[in-house]
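Novice: Residues per chain are reported as follows:
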Amino acid sequence: MSGSTVSGSTVSGGTVSAGTVTRLTAIAALLAFAVAFPLVFTNPAVTTDAIYTLIFVAWAAAWNTFSGYSGYLSLGHAVFFGSGAYFTGIATHDWGLTGSQVFWLLPLAGLLGGVIAVPFGLFALRVRRHTFVVITIAVFFIFQLTAYNLAVTGGTSGLLASTINFATATYNNPFYYIALGIAVGTVLISWLIRRSRFGLQLRAIRDDEDRARGLGVRAMRVKLSAFVFSAVPVAMVGGLWWYFITLVDPSSGFDPLNDVAVALMAFLGGLGTVSGPVLGALIIEPSYLYFQQQVSAGYFFWILYGVLFLVVILVLPRGVIPTAAEWIGNRRDRRRRNGAGAEDRPPATTVTGRAKELA
Amino acid sequence: MARFLQAVTDGILGGAVYALMAAGLTLIFGVMDIINIAQGILVVLAAYLSYALSVHLHIDPLLGLLITVPAMFVLGIAIEWAFMRRLRGRERVAMSLLVSYAVAVIIEGALYQIFGSTPVGYLPSYAVASVHILGFYLPYIYLIGFGLAAVALAAIYLMLYRTKFGRSVRATMQDRVAARLVGINVDRVAALTFGIGVAVTAAGGMVFGATNTFNPDSGYDLISRLLSIVILGGLGSIAGALAAALFMVTAEEIVNIWQPTWATAVYYAVLVIVLLVRPTGLLGKREARAQ
Amino acid sequence: MSSLLHAEAVSKAFGGVQALSGATIDVERGAIAGLIGPNGSGKTTLFNIITGYARADSGKVFLDGKAITNARPERVFGLGIARTFQLTRIFPSMTVLENMLIAGQHKERSSNPLARAGGSASRRHAMELLDFVGIASHAAALAQTLSYGQRKLLELAYVLVADPEILLLDEPAGGVNPSLINTIAGKIRELNAAGKTFLIVEHNMDFVMGLCDPVMVLDYGTVIASGPPEQVRNDPKVLDAYLGTDDEDDEVEDGEEASRAGI
Chain A
95 MSGSTVSGST
105 VSGGTVSAGT
115 VTRLTAIAAL
125 LAFAVAFPLV
135 FTNPAVTTDA
145 IYTLIFVAWA
155 AAWNTFSGYS
165 GYLSLGHAVF
175 FGSGAYFTGI
185 ATHDWGLTGS
195 QVFWLLPLAG
205 LLGGVIAVPF
215 GLFALRVRRH
225 TFVVITIAVF
235 FIFQLTAYNL
245 AVTGGTSGLL
255 ASTINFATAT
265 YNNPFYYIAL
275 GIAVGTVLIS
285 WLIRRSRFGL
295 QLRAIRDDED
305 RARGLGVRAM
315 RVKLSAFVFS
325 AVPVAMVGGL
335 WWYFITLVDP
345 SSGFDPLNDV
355 AVALMAFLGG
365 LGTVSGPVLG
375 ALIIEPSYLY
385 FQQQVSAGYF
395 FWILYGVLFL
405 VVILVLPRGV
415 IPTAAEWIGN
425 RRDRRRRNGA
435 GAEDRPPATT
445 VTGRAKELA
Chain B
3 MARFLQAVTD
13 GILGGAVYAL
23 MAAGLTLIFG
33 VMDIINIAQG
43 ILVVLAAYLS
53 YALSVHLHID
63 PLLGLLITVP
73 AMFVLGIAIE
83 WAFMRRLRGR
93 ERVAMSLLVS
103 YAVAVIIEGA
113 LYQIFGSTPV
123 GYLPSYAVAS
133 VHILGFYLPY
143 IYLIGFGLAA
153 VALAAIYLML
163 YRTKFGRSVR
173 ATMQDRVAAR
183 LVGINVDRVA
193 ALTFGIGVAV
203 TAAGGMVFGA
213 TNTFNPDSGY
223 DLISRLLSIV
233 ILGGLGSIAG
243 ALAAALFMVT
253 AEEIVNIWQP
263 TWATAVYYAV
273 LVIVLLVRPT
283 GLLGKREARA
293 Q
Chain C
30 MSSLLHAEAV
40 SKAFGGVQAL
50 SGATIDVERG
60 AIAGLIGPNG
70 SGKTTLFNII
80 TGYARADSGK
90 VFLDGKAITN
100 ARPERVFGLG
110 IARTFQLTRI
120 FPSMTVLENM
130 LIAGQHKERS
140 SNPLARAGGS
150 ASRRHAMELL
160 DFVGIASHAA
170 ALAQTLSYGQ
180 RKLLELAYVL
190 VADPEILLLD
200 EPAGGVNPSL
210 INTIAGKIRE
220 LNAAGKTFLI
230 VEHNMDFVMG
240 LCDPVMVLDY
250 GTVIASGPPE
260 QVRNDPKVLD
270 AYLGTDDEDD
280 EVEDGEEASR
290 AGI
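From first to last, the protein sequence lines are chains A, B and C.
Residue numbers for the first sequence follow the numbering used here, beginning at 95 and rising by one.
Residue numbers for the second sequence follow the numbering used here, beginning at 3 and rising by one.
Residue numbers for the third sequence follow the numbering used here, beginning at 30 and rising by one.
Hints listed in this document are in silico derivations from the structure and should not be mistaken for laboratory results.
Model, not experiment: these values are computed from the prediction.
One or more hints might be untrue.
Covered stretches of chain B, going by a simulated chain A footprint (3 or more residues, C-beta under 8 Å) [said to hold, decoys possible]:
#1 202-211
#2 229-238
#3 256-268
Output of the computed footprint for chain A on chain B, the stretches with three or more beta carbons under 8 Å from beta carbons of chain A [as the list claims (entries may be wrong)]:
#4 54-64
#5 271-277
Have a look at the derived ranges for each label pair, beta carbon to beta carbon [what the hints assert, rightly or not]:
#6 C:G94 with A:A112: 24 to 30 Å
#7 A:T264 with B:A84: 47 to 53 Å
#8 B:A84 with A:R430: 38 to 44 Å
#9 C:N206 with A:V212: 36 to 42 Å
#10 C:G215 with B:I275: 54 to 60 Å
#11 B:G123 with A:F135: 46 to 52 Å
#12 B:G123 with A:V246: 31 to 37 Å
#13 B:A241 with C:G94: 16 to 22 Å
#14 A:L408 with B:M161: 42 to 48 Å
#15 B:A84 with C:G44: 23 to 29 Å
#16 C:T53 with B:A241: 22 to 28 Å
#17 A:F135 with B:N214: 44 to 50 Å
#18 A:T119 with C:D160: 31 to 37 Å
#19 B:V153 with A:W421: 42 to 48 Å
Ideal placement from N, C-alpha and C gives every residue a C-beta, glycine not left out.
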């Protein structure tokens with residue numbers, strides 16, 4: 095049986111295969127490592143980078159739960175990120191919150207993200223995929239424009255946070271663990287969704303929306319639910335991010351490059367898989383941060399970024415995880431076919447063949 | 003009242019130029035199902051080219067078009083051939099979006115590298131003067147821009163409806179597979195169309211650069227406007243792009259009289275309102291086929 | 030009235046082309062009805078109208094006496110009419126089993142939205158159907174890896190998930206090898222014996238004549254003959270429709286065959 099990273103449903107419900115055990119152990123190890131990380135690597139620069147990375151893991155996983163599963167690419171999720179950031183900033187000032195109190199705002203920020211997503215989604219999801227992307231871009235610019243022009247958002251200079259009185263040595267830790275929590279939670283829910291009936295409906299919409307409709311799938315309802323869900327974690331990490339860097343302004347809170355980066359992460363890892371966006375974020379964000387620090391000479395890393403993007407899309411169009419899964423499946427089938435007793439299964443190599451045919 | 007009419011005039015003149023740039027975008031979409039996000043930064047690139055020719059080589063920007071237009075045409079073909087053509091599979095549209103965004107990022111980075119972030123501008127002598135007719139001020143540069151746009155749009159129209167190549171383009175727009183079946187070299191049509199779509203940015207860019215100070219960051223504002231125009235007019239419809247551009251820019255100019263800060267918001271507000279009523283845009287062509 | 034499906038005087042035009050004009054068909058409960066006709070006679074259009082994928086310009090459609098004219102596809106589906114498509118429409122990036130689960134998803138009423146897709150009952154039912162059509166061993170494979178014939182079988186299993194009363198099959202034997210055609214015919218007979226009604230559009234004359242009764246003939250959008258296969262086969266109007274304007278029909282037929290095979 096091929097690795098269930100791609101399909102996610104097993105035929106027999108009974109025995110647990112060796113593959114599942116390996117995967118569970120790997121996940122447990124990864125989690126343990128993540129939890130212990132700041133205690134082992136105490137250098138603040140390192141944990142800072144880790145926090146940024148986790149923020150993008152959460153963002154990419156959330157984005158993928160909507161865009162990856164449904165096939166509707168959104169380039170406007172920064173709307174939620176910025177809204178979360180600004181909300182947290184405004185609320186902190188208005189309600190005079192300090193220290194750890196601010197963290198309690200995050201769920202509210204998430205809620206706000208979800209609330210914004212409802213009219214946004216109702217408006218944008220009425221159209222098919224091409225127009226949808228463009229609408230998300232347009233809405234994104236509306237929000238950015240609003241941030242520039244409203245007094246409450248501080249206009250061009252944005253909103254500052256006052257310095258926080260956390261202990262210097264472990265200053266980053268609360269941020270790290272919260273980011274980790276959001277990221278893990280998002281990935282978990284993403285996984286649950288994928289194997290659920292809801293996820294099935296989403297993926298059917300992606301493959302053939304009309305046919306899915308004809309089979310009784312309530313397309314609008316399903317798409318909107320996924321869209322709203324995907325907004326919540328993004329808004330939360332937006333709020334966290336504001337508090338962490340103590341500043342948000344329209345160009346950073348609503349930064350179009352973020353949306354592109356997130357899409358790239360999901361594509362690189364494997365659009366529509368659960369672990370794909372995580373892997374993509376774990377690869378791209380640290381690389382980006384590294385380059386940003388190394389290449390001080392102006393805007394060279396933009397060029398690098400774009401080139402990397404192109405390479406990923408042209409060379410690995412399906413992303414790392416599906417390509418790897420297919421490669422592993424191929425080797426396993428080849429070994430099996432070389433052994434005794436041919437199985438009545440279509441060789442996985444036909445996947446590539448079919449895919450080319452369908453192009 | 004006079005200000006209102008002036009705003010309308012400015013809107014029409016300026017709108018024509020935007021129509022030109024948007025026409026390229028919508029043409030590319032119509033033929034290739036690709037939303038070329040890079041169109042905005044390509045306009046900026048063209049503006050920088052005109053700037054370099056004008057300020058460093060002292061070549062008049064209008065004359066410079068003889069260089070920039072072919073240059074951008076070649077660039078367009080190169081982009082299509084190198085990247086867009088390679089895209090395969092069911093996620094083609096999505097991937098083309100990301101690819102064109104990547105190209106845009108690369109160009110933007112290169113422009114920052116070469117020209118820096120300080121806004122520049124060039125003002126040919128005729129840019130500052132204007133014609134004074136019936137109490138209206140018609141800046142020469144806008145008239146030139148309008149003229150260019152009219153000529154170019156007419157050329158595109160003639161090309162599409164009076165030439166054999168244009169027939170191939172229209173056929174490909176309607177049904178790619180059928181076009182191939184009747185012997186049209188779809189790949190060549192795609193490349194040339196992309197080239198044309200980018201070449202029009204040369205003209206638009208020249209006017210844009212002459213009427214604004216700009217830096218690489220200006221691409222974002224441009225592309226968001228162009229996208230709004232194209233969506234409003236209906237993806238794939240050149241006439242729609244023209245109508246939408248004229249409408250949007252005029253609306254913005256009018257709002258600008260009273261509330262300058264929110265003038266750009268008009269763009270999006272119009273877009274939102276129209277899309278609520280007509281999801282396919284004003285003159286929307288066939289929407290995405292089962293994708 | 031033992032008529033299960035009844036379409037009355039249905040007309041439909043696409044631009045300048047009159048696809049259907051006053052087509053009336055009648056399918057009795059428990060029958061395997063065939064619908065044949067030259068290319069362009071309006072067969073698929075009629076299917077589309079019955080199942081809600083197209084709107085009729087005029088005319089009515091009744092299911093078991095109840096009017097369902099211009100109802101939306103999901104409603105038609107919910108009322109017990111299932112259909113297959115000429116070009117198989119499956120969900121390529123999902124596994125065969127998942128395809129089956131989607132077909133049955135509207136019946137699952139679990140309150141927990143995150144519950145695992147497909148309870149054990151649904152899965153068992155799906156596997157039974159896959160077994161029935163003979164592709165159970167491919168349950169975990171991605172649907173896009175199936176061969177054309179296997180997709181046809183999947184589509185058949187598919188439409189059975191919802192346990193429909195009447196199945197509309199659009200060219201079930203098209204582009205399929207002879208032994209598989211026999212298998213499909215056999216399955217149809219089995220299902221019919223178990224009480225299912227069929228309306229089948231087909232070009233394969235042997236298939237239709239050997240399986241269907243009654244056979245209805247559509248030409249230029251109207252029904253020109255209807256009755257047992259032997260009667261229809263020898264009806265001069267039918268022969269005329271098929272052989273009538275000779276060369277044109279042959280060319281169109283070849284062209285359609287070619288396009289179906291190639292694209």
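Novice: Using the Cβ atoms, figure out if B:G123 sits within 46 to 52 Å of A:F135.
Specialist: Since B:G123 and A:F135 have Cβ atoms about 49 Å apart, the given range 46 to 52 Å holds.
Novice: Between C:N206 and A:V212, is the Cβ distance one that fits in 36 to 42 Å?
Specialist: violated, 52 Å
Novice: Okay, A:T119 versus C:D160 on CB: inside 31 to 37 Å?
Specialist: holds, 35 Å
Novice: Is the gap between the beta carbons of B:V153 and A:W421 within 42 to 48 Å?
Specialist: Roughly 55 Å apart at Cβ, these two residues miss the hinted range, so it is violated.
Novice: Has the hinted range 31 to 37 Å been met by the Cβ atoms of B:G123 and A:V246?
Specialist: At roughly 34 Å between Cβ atoms, A:V246 and B:G123 fall inside 31 to 37 Å, so the hint holds.
Novice: Go ahead and decide if the range 44 to 50 Å is satisfied by the Cβ distance of A:F135 to B:N214.
Specialist: holds, 48 Å
Novice: Three or more residues of the segment 202-211 of chain B near chain A by CB distance under 8 Å?
Specialist: violated (count 0)
Novice: Under 8 Å between beta-carbons, do enough residues of the segment 256-268 of chain B, three at least, approach chain A for the coverage claim to hold?
Specialist: holds (count 4)
Novice: A range of 38 to 44 Å was offered for this pair. Does it hold for the Cβ distance of B:A84 and A:R430?
Specialist: Since the Cβ atoms of B:A84 and A:R430 sit about 40 Å apart, the hinted range of 38 to 44 Å holds.
Novice: So does C:T53 sit 22 to 28 Å from B:A241, Cβ to Cβ?
Specialist: violated, 44 Å
Novice: State, for the Cβ atoms of A:L408 and B:M161, whether the hinted interval 42 to 48 Å holds or is violated.
Specialist: violated, 31 Å
Novice: Has the hinted range 54 to 60 Å been met by the Cβ atoms of C:G215 and B:I275?
Specialist: At 59 Å between Cβs, range holds.
The structure fails to meet hints 1, 4, 6, 9, 13, 14, 15, 16 and 19 from the earlier list, while all remaining hints are met.
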